[in-house]
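For the record, the sequence lines run as chains B and Z. According to the working numbering, the first sequence is numbered sequentially starting from 3. According to the working numbering, the second sequence is numbered sequentially starting from 333.
Don't read these hints as lab results, they were simulated from the structure. All C-beta atoms, glycine included, are put in the ideal place defined by N, C-alpha and C. A hint or two may mislead.
Result set (DSSO-like, lysine-lysine): computed pairs, CA atoms no more than 30 Å apart in a straight line [what the hints assert, rightly or not]:
(1) Z:Lys522 x B:Lys400
(2) B:Lys38 x B:Lys522
(3) B:Lys400 x Z:Lys516
Some chain Z residues close to chain B (C-beta under 10 Å, calculated; not the full set) [claimed, not checked]:
(4) Pro407
(5) Gln409
(6) Gly492
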Amino acid sequence: MTFTKLLLTAPFLLSPGLLMAQGAGVAPEQLLKPLKDSWPTYNGDYSGKRYSALTQVDRSTVKNLTLAWMIKVTPGDQPEEGGRRRGHQEVPLIIGGEGPSDLHMRGGSIKASVLQVDGTLYFTTPDNAWAVDARDGRQLWHYFWKTKGGTHIGNRGLGMWNDYLYMETPDDYLVSLEAKTGKERWHKKIAELDEGYFSTPAPIIVGNHVLVGTGNDIDAPGFLQSFDPETGDLQWKHYTVPMEKGDPGLDTWASLDAARHGGGPTWVPGAYDPETKLYIFSTGNPTPAYTTGTRGEGDNLFTCSLIALNVDTGKMAWYFQTSPHDMHDYDSAQTPVLVDAMFNGKMRKLLVTATRNGYYFTLDRVTGEHLVTAKYGMYTNWADGLNQFGGPKRNPEKDATVGGSLVSPTSGGTVNWEPPAFSPQTGLLYVAEHNSYSMFYLTDVDPRGSMGLGGKEEDHIGSSGSFLTAIDYKTGKIAWRHRYYGEGGGGGGVLATAGGLVFAGDASGNLIAHDAATGKPVWHTRIGEVTNPPQTYMLDGHQYVIAATGDMLWSFMLY
Amino acid sequence: MRLKNGFAAVALFGLSIIVANRAPAQETPQAAKPAAQTPSPQSAPAAPDAREASGVPGHRVGGFVPGQKRPPGDPAQIARGKTLFGVNCRSCHGADLRGGDMGGPNLLRSQVALRDLNGELIVPIIQGSRQQMGMPAIPISPDDAKAVAAYVRSVIETIGSQGKPPDEGRPAPSILVGNASEGKSYFEVKCASCHSATGDLQGIASKIPDPKMLQTAWVAGGERRGRGEDDPKDSARIPKATITLASGESVEGSLVRIDDFLVTVELVDGTQRTFRRNGDVPKVVIQDPMKTHTDMLSQYTDKDIHDVTAYLVTLK
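Let the hints inform the model, and build the full structure from the sequences given.
See the structure below:
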């Protein structure tokens, strides 16, 4: 043991109870339970509903929610103080990474979903992970990854398998940490930074699989990989575009070369159905994003699609394309939500999703059968009717054009990555709805098409209204819209609870609890723009609600 | 009524932050890559600024991957490689490396070329390792092949953020595709009740000489400008709010902000007053002078827009 390591370890030896995260971690079978006291995976449970069974905070008690604590974190390689306590104990700082030590890239806000396991919270920003005490926000350790570069746009959080944590980095590593100490176990390269890949998702743990997605903007193929949680060895890799002659979907591209540069990145965590062993996730835009050029006129499978894979083999069971031949960077990178509910008089295993392109879908999640398509974006205008599969039929006149096309939504979408919530009590899907317009100008008329997200200029025109919107899964009809003043809102995502509440950030810096049946605000607090999905957990008989604003994490509770 | 008016106010606020919110995408990939994706001034170098910002002697930023550092190329070697590329490669791969008429693939998105550090991946291909895939062996020396690789890497360095192709200095085509006389007719029917070619819009094409900026400005209902830039006309675009308290007192002013819980107005004397909102109390009525513009967004066809722009550019 080196002297430095001894120094680092000494506080643990002296006061293990004070500094170490507690408990036994997350056994894989615990992830099969519906969301309640803890929050052990990105969406709380595998279903993606973000519906908590907790009821202590309800429509009548929510008015007593009060601030329990808040903390500000400092990304980077400088030690942080462990809170305003006697002795100003330094938080153990663990440094990993293969990059130069002089390259500090700011990663922006906390967009992560926070894990709450055994009274400890675990969360991230790009290159950084923290463990804090869930009772008072005191930092237990801070892990910093020295980056080699890459797009530092966000990190969605950690995955947990027993005592181990998993984080992806912008320079394309999967890093495994010991949950109790933050010490690194290993890191594995998951994609080529040189090829433009960058990684933001929270890994999803299913059994002995660590499911890892990756993003890219230049013309590269998307893929999802599964790694062994113990060793970090690759188990399987599934490409989301055709890579070889004979691969399914190749006939929807002009050439194999086009398909192999066709995009379809996997940058938002998916949902898992234990009964069918299907991991269901969504893919991003085709590339080049704004020009048909090399892509051809086909649907460009399996970009902007939902894909269901057998989690043990990585083989595709079904797909459904929500934006055929996308031309506006409408990544279908939204969290699919798995719901067991009545449909046309029969109990069905359903999947519901409201996508970036302004359309809502209900599918059968066993077969991929299409059941409902509805336009939920109030002014969505890029498509004309539906294709034979139930997907929106793109109107080519609304592609980027030389003279300009006025299109709603903007490329940012009616909703973006922010996860929605579904309440079985109301049968409603709650999702942010942004109705903005942009002018899309085609600036590169080269018949070969452009590259990446190039070849166009997008001029933002303005907003025609932002809402928190509740959609009936049976019909796709809107049950209610609650208007958020300003442009934005839905900040970071949505939480639904069995207390009859829906939590979301508005566009004015409020965290709001809405009545899930009507949308009426019943509680709010002005903490600034909410940047991650609100979450809830139960500790010592008290229900907490947490949300992040930038580099701050806020915790509210009922005393 | 209240709801509708407030709704219009929303739109105006949207307009006021146009510039700040411009770059959307992943988040495009991932998010517009909205503000989140757009690095703040203090943050790490994003693509366009990366070169200046890296500031590490002996290193350069390696192209479109933000923050990435690679050893600098040798200018003489790159120059020789450029010449050799023109002679041996250009006809298939294109003068801009983005693929040519003879079917050579785009080298700027080639995974091999993107990964190459010192010719170790590109040189064998030049020497014939991919003949079965249609790439012939090029009869040049190993040093010359390395020079070609250095040239390819030097162009890759100029790829823009989010994989945009290098700017070749070609101007974008003119956006003027509309019919000015049809635009004039449209203007007279739809716009002339508020606007006039000899009044408020006199000389508009001289004030905003770029047709694209002019088009975006009139569709948005005002010229785009950076935060903090004063425009005396802006006050005309700010919604007015009338707040009627339970006591019967009525307060009028320019709307500063509104949400479900508070409303703030600026009074004629420049001071501000904030009122707590509890449902419909106090009563808030908002008059948004930009409402018509917002409402029109769902009414225009793109042809209407192009025609009106073609007409407006004649108002010099």
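Hints, one by one, checked against the model:
no. : hint                : result
1   : Z:Lys522 x B:Lys400 : 23 Å, holds
2   : B:Lys38 x B:Lys522  : 24 Å, holds
3   : B:Lys400 x Z:Lys516 : 24 Å, holds
4   : Pro407              : 22 Å, violated
5   : Gln409              : 20 Å, violated
6   : Gly492              : 6 Å, holds
Consistency note: the structure conflicts with the earlier hints numbered 4 and 5.
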